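For reference, the chains in residue letters:
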Amino acid sequence: MTRSQTRAQSRRTFLGGAGAGAASLWLAACGSGSDEPAAQSTAAEPAAKSVNAVDDGKLLVFNWQDYINPELVKQFEKEHGVEVVYDFFDGMEAMIAKITTGGQKYDVVFPVYDSADRLVKQGLLEPLTFDNIPNRKYIPAEFQDPSYDPGSVHTVPYAIWTSGILFRRDRVGDDLTSWNDLFDERFRGKLGMLDNWQESLGVVHFLNDWDAGATDEAHIKAARDKLIAQKPLVRDYSVDDIGNMTSGDFWVHHGWSGDGYQIKNKVKDPENIGYVVPKEGSFAGTDTMAIVKGAPHKKTAEEFINFMYDPANSKANIEYIGYPMINTETQDVFPTLEGAEASMAVTTADLARLTVPPTLPREERRVWLKAWAEVKNS
Amino acid sequence: MRRQRFWGLFLLPGGIWLLVFFLLPMAVVFGVSVGTVDELGRPLEVFGVPPIVGAHWENWERVLDDDTILRPILRSFAYAGASTLLSLAIAYPVAYTIARYGGRWKALLLILVILPFWVNYLVRTYAWLVLLGDDGFVNGALDLAGLGPYQLTNRGLAVVMGLTYSFLPFMILPIYASIDRIDPRLIEAGKDLYGTAAATFRHVTLPLTQQGILAGCVLNFLPGFGDFITADLLGGPGVFMIGNVIQLQFLGEGEWPYGAVLTFMLIPLLMVVMVWYLRSSARAARQVGRA
Chain E
0 MTRSQTRAQS
10 RRTFLGGAGA
20 GAASLWLAAC
30 GSGSDEPAAQ
40 STAAEPAAKS
50 VNAVDDGKLL
60 VFNWQDYINP
70 ELVKQFEKEH
80 GVEVVYDFFD
90 GMEAMIAKIT
100 TGGQKYDVVF
110 PVYDSADRLV
120 KQGLLEPLTF
130 DNIPNRKYIP
140 AEFQDPSYDP
150 GSVHTVPYAI
160 WTSGILFRRD
170 RVGDDLTSWN
180 DLFDERFRGK
190 LGMLDNWQES
200 LGVVHFLNDW
210 DAGATDEAHI
220 KAARDKLIAQ
230 KPLVRDYSVD
240 DIGNMTSGDF
250 WVHHGWSGDG
260 YQIKNKVKDP
270 ENIGYVVPKE
280 GSFAGTDTMA
290 IVKGAPHKKT
300 AEEFINFMYD
310 PANSKANIEY
320 IGYPMINTET
330 QDVFPTLEGA
340 EASMAVTTAD
350 LARLTVPPTL
360 PREERRVWLK
370 AWAEVKNS
Chain F
0 MRRQRFWGLF
10 LLPGGIWLLV
20 FFLLPMAVVF
30 GVSVGTVDEL
40 GRPLEVFGVP
50 PIVGAHWENW
60 ERVLDDDTIL
70 RPILRSFAYA
80 GASTLLSLAI
90 AYPVAYTIAR
100 YGGRWKALLL
110 ILVILPFWVN
120 YLVRTYAWLV
130 LLGDDGFVNG
140 ALDLAGLGPY
150 QLTNRGLAVV
160 MGLTYSFLPF
170 MILPIYASID
180 RIDPRLIEAG
190 KDLYGTAAAT
200 FRHVTLPLTQ
210 QGILAGCVLN
220 FLPGFGDFIT
230 ADLLGGPGVF
240 MIGNVIQLQF
250 LGEGEWPYGA
260 VLTFMLIPLL
270 MVVMVWYLRS
280 SARAARQVGR
290 A
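In the order they appear, the protein sequences are chains E and F.
Just so you know, numbering that gives the first Met the number 0 puts 349 at position 350 of the first sequence, and the rest follows in order with no gaps.
Just so you know, numbering that gives the first Met the number 0 puts 107 at position 108 of the second sequence, and the rest follows in order with no gaps.
There's no promise every hint is true.
Unchecked claim - Some chain E residues near chain F, calculated using beta-carbon distances under 7 Å:
#1 V233
#2 R234
#3 D268
Keep in mind the hints are simulated off the structure, nothing from the lab.
Owing to the predicted nature of the structure, the values given are computational and were not obtained by experimental measurement.
A virtual CB, placed ideally from N, CA and C, is assigned to each residue, including glycine.
Turn these sequences into a full structure, and let the hints steer you where they fit.
Here it is, written out as structure tokens:
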């Protein structure tokens, strides 16, 4: 998905970070006094009207790579006479670092639900002008008041996903069912793990039937040790599961549901690409669309969100990204996708069945992040 | 007296540049290193109030307990060192050939050396991935010879090759300059004195190009040591360099203070290399002066 940021992206992101490093440190330093975290703004009323603060005919979108149908972006540009400037992130941490340090302005972002929660609580998302987003009426009832954004004031749900194992049938057969398969000696040098602390440490939690949404230091340390022991088998930690699986250098890849569909659309032998949500359980979640606080083109951003939520456009988007969009009018689209496999489908029932971790407070996140850094450093 | 003041003015632009783009940012980095972050990892209290009293030295204390950064530091030394040597081995013959036998093609050949830099780094790296992949051209060629396939990407070897490739021109150019500067009569003299080609090279050419070699090595080693892009793009799970560790503090974890501390930790390490270089080039300058 989404999470398929390409290698291309990482360089861009990193270079941007490196280049802007000194500048943003400086900005951070200067701004630190005035940057008080806003009081809980979850109860904020939607703003009455919105304007574009900057009138340069642009819209700045910040998203995972391969997570939107590029034809829709072109169509939006044509219909609204604007230029969409696209930038990509490779994880929530990088996204938050970039939108909060001020080096680059963004309008529309696509945070995962728990990051949306953190951004909302810190007052970093604009309340949406509901009048500009009439298509909000297609938000299903169960998403109109999500825990991460009470009242759906700041976000509109985008798509839902599961995590699992992507594999090549011609190389490894069709009987992968367990997270244990990611520790199989047969896949030495052909195995990819997601470069994501929660996903990768989470795998070991699922294997041991531990709650992957809870922060238990003993469990996290054990998960770290198991992943360090797994390293000789691993070819790369990467969120570019699409790029890696299409290169042929990987046979088995820890990855995300819709990316399986996208891989099928990119390889010559789509029938060989499979995906499984392991029997031990896995993560599922919702991604959202939101507008960054102080966005220079708020009005256009709201039009963009409205455009993406138009049922016809949502349908066209699902057909490209391979993730079901949370839109009452498109619930039946995914099963009809040519080539998509049943295992890649995600329904709101999966959100109840699988693990949707709560938003972790920073001190708990640090325990996870530290363990993951130790895996990578070793 | 007046005259000296005039020349002193020449230092002004460079001095201002260093102040604005080096010293001030370093001061900010230091401020971040003794600060704290908020719930989202944004730096707060950058300078503490007042600066030292109330500063969060625990960020600095953490580095002493953190034995997980040792491996990345050693890897950085190993990869940067290996790529510098490899680069030298490739660059010297190239520079020598261009300088001594380039003739009227010299300018063109030098342009060819830097030509790859006109192509986006990413595109070039992707080309590497295609060339070195399990089904890539290199393994295809090895297969014809009945060898392989070998996993060439996503490992330390690939990082060393990538670093070598990235910084090779910075080895070729200074060596080229030093060879080009040699008075050819000195080499002729070496041969006239019955020196073999090897002896002439060892006693005449090599000492005279020592400064170019040293400059090239420094220009390869220092940026290679701090590099993280190459390990990120070409590397695998076991190639994390110290640059990657630092980068992750900023963009991966919201641990800016610790990232800033690590940045400072590297300075003395790299200063050792720099001081060694400056001293040896000063010594060489004295020798030339005496000769």
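Which hints, by number, does the structure contradict?
3
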